[in-house]
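Residues per chain, in single letters:
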Amino acid sequence: MKGFSKLLALIALLGATAATSAEENDVELIVSKANHVAFYQGNDGRAESRMLITDGGGNRQVRQFTILRKDHSGPDDADQDFLVRFSRPSDVRNTMFRVIKHIGNSDDRWLYLPGLDLVKRISSGDKRTSFVGSHFFYEDISGRSLGADQHELLENTDQYYVVKNTPLDPTSVEFAFYTVWIDKQNWMPTKTEYTDNAGKIYRRIEALEVKDIDGFATATRMKASDLRSGGSTLTEMRYISYDIGLPDEVFSERSLRNPPQQWFKRK
Amino acid sequence: MALPRLIPLFVVALVLVTLALGLPSTFAENLKATADTSANTDEWGDDDWGEEEDKQSPFSGFIEIAYGTRTKSNPWVDRNDTLNEARLRLEYSDYFGQLYIGYKGDFTVDDLTWDGPFIDTKTREALVRFSPSENSDLYLGRQVLTWGTGDLLFLNDLFPKDWVSFFAGREMEYLKAPSDALKFSYFNQLANIDLVWTPKFDSDTFIRGERFSYFSPLANDTVAAPPRLSTEEPGSKLDEGELALRVYKNINGNEWALYGYHGYFKTPVAFNPKNGLNYFPKLSSLGASVRGTVQGGIGNMEVVWYQSEDDSDGSDPFIPNSQLRFLSGFERELVTRLTLSLQYYVEWTQDYSALKKYSPLPDKEPEEYRHLITTRLNYRAYQDKLTLSLFVFYSPTDDDYFAMPKVTYRLSDTWSSEIGMHLFGGKDDYTFFGQFEENSSFFARLRYSF
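Chains G and R, in that order, give the protein sequences. Going by this note's numbering, the first residue of the first sequence is number 1, and it counts up by one from there. Going by this note's numbering, the first residue of the second sequence is number 1001, and it counts up by one from there.
Bear in mind the hints are in silico, worked out from the structure with no lab data behind them. There's no promise every hint is true.
As the list claims (entries may be wrong) - Just so you have them, the derived chain R footprint on chain G, three or more residues with Cβ under 8 angstroms: (1) 32-46; (2) 51-59; (3) 73-82; (4) 88-97.
Glycine residues also receive a C-beta, built at the ideal position from the N, C-alpha and C atoms.
Next up, chain G with everything else stripped away, as it sits in the complex (with noise of 0.2 angstroms):
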């Protein structure tokens, strides 16, 4: 009994050292919260998503597509399997995609081709390209590695954490660093912004809406600016629901050629 009590006393203790450790704005705790909000709450998840594509112009192009999300077990926060139907515009209807993400490795992509019935396996290649011509990255998309950047927390407002983002590998990206507004209420990071190695801000996401859905908040309209050429992507995200039990099967090979109607279909 007495041992019981000191294992609660020490879980105590554990939980008011983490808790104080945020009010301490531990930084890495922060980014790592945001990370979570932002790419993995649930195990699972499906969405239908609609894109806007800007160019500087004023030229419009539309996507559609549903993605279908698991969480790998094993370690939080890691590894994903994605697997993306496209339903506009007609010329990529019916085109898959399928991703698996590894954290500190490079992903496995694969895309399908109805017309050809080709499974064709791309390198992954650049993460910092747009997505699927978008002014989004397939890392706004999919998320980037905690490890990447260093972190330092530049501002604690009210509202906000503000966290600035330098890169360890600076060759690797485009930016000198970026910075990042996370909402104190619910962890989810609202604004991006990226630096230029000549200070300049040249790129922006936002998230302009945050819904509560099955209890996990989920930017359901973001928006992603590049500064420089005037163009820019609005993304609204609708039918979405987590927790829905996704077989380890639904990501394969199978799945492009066939793609699982029971979890497609909008419900």
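We have chain G already, so just place chain R on it with the hints.
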């Protein structure tokens, strides 16, 4: 012929009809979008999530015009144009419960077809798909089938190709011709299995002299139609079809596969001296492949044994010998948005001394080991709207090449275009690519998708 004059008319009519059907909604969408760009309302301007009908329209397609012409005149073919057509593609795909139904049809006015109706109708897909059990899928009907790891080199993929479309510069999709087949897929922990039965042999659409001249070993010269190369088809009895098998598994990120095929060579590479016709000799094959991440890129290896069933000792000069074919490839992003792919490929002809001994043209036979190197450079720019690519085949043993520079531009979600060149050349006029030197061409395509 009155046909060429009708084509522009037909195209204009098609485009007008499409615009008439498509413009009002696009126009309204743009107007509305412009009106409330600053507002947080629906900037897409319509109910495109499809909430009311609960799903997208099952119909789509495109209209395309395509033109291609030789870089220089061909002494064996009168016409200089190699592609001159307007095409309407209609697609339908939908689910009925667990049953998937897919249809793709091409309606083409082709100024270069020799015979056939004014509007050529080709069904590209007429497919039903369902899962007979939790771990199996059945695909029934006309369908495009692909497997294997090569980039424009097919070892274990013995599904039909359309070389005429490919040479002429139609969209890459048309390189793969459809099969009328039944595909059964079975999935389990040990390994996944695909079994494809094509009851009636589907040959490649091969070069037979209509648009493109070729080297004929029988004539010992470059030839073209007329007469076009005529062939003797395999019969349509149940045992005269094709069977193809793939067993595959992903082990630690590496994709392993074993393949088997029993059927016929896909082009009429054999000759029957009795009736003077070319034919498709019997072929069986066994092969394997692996693909995975290597050195920050994708590496692949594939091997196949072609057993020439009717000429197992290589002594018949009119039937190809057995071969071992091997491929190794690597692809990697060199710098952001610029990707380089390299492939090395070799064909090792068996019983080579017998081949040389009995061949009527021993000096024009390919070498025992025919080596081939391919290079692909791909560069994307302007939000992926512009793609520049260059693909080159080069054979050091044949001393010939085939180069394909291409520029693809996506003007919008509906309009896209591609221009390119197909350049063949070589030291001799009888080698694999060298024989097509006079068929080098430019091509351009403009497509409206809906």
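Requested in this report: Provide an ascending list of the numbers of those earlier hints which the structure does not satisfy.
Outcome: Those not satisfied are hints 1, 3.
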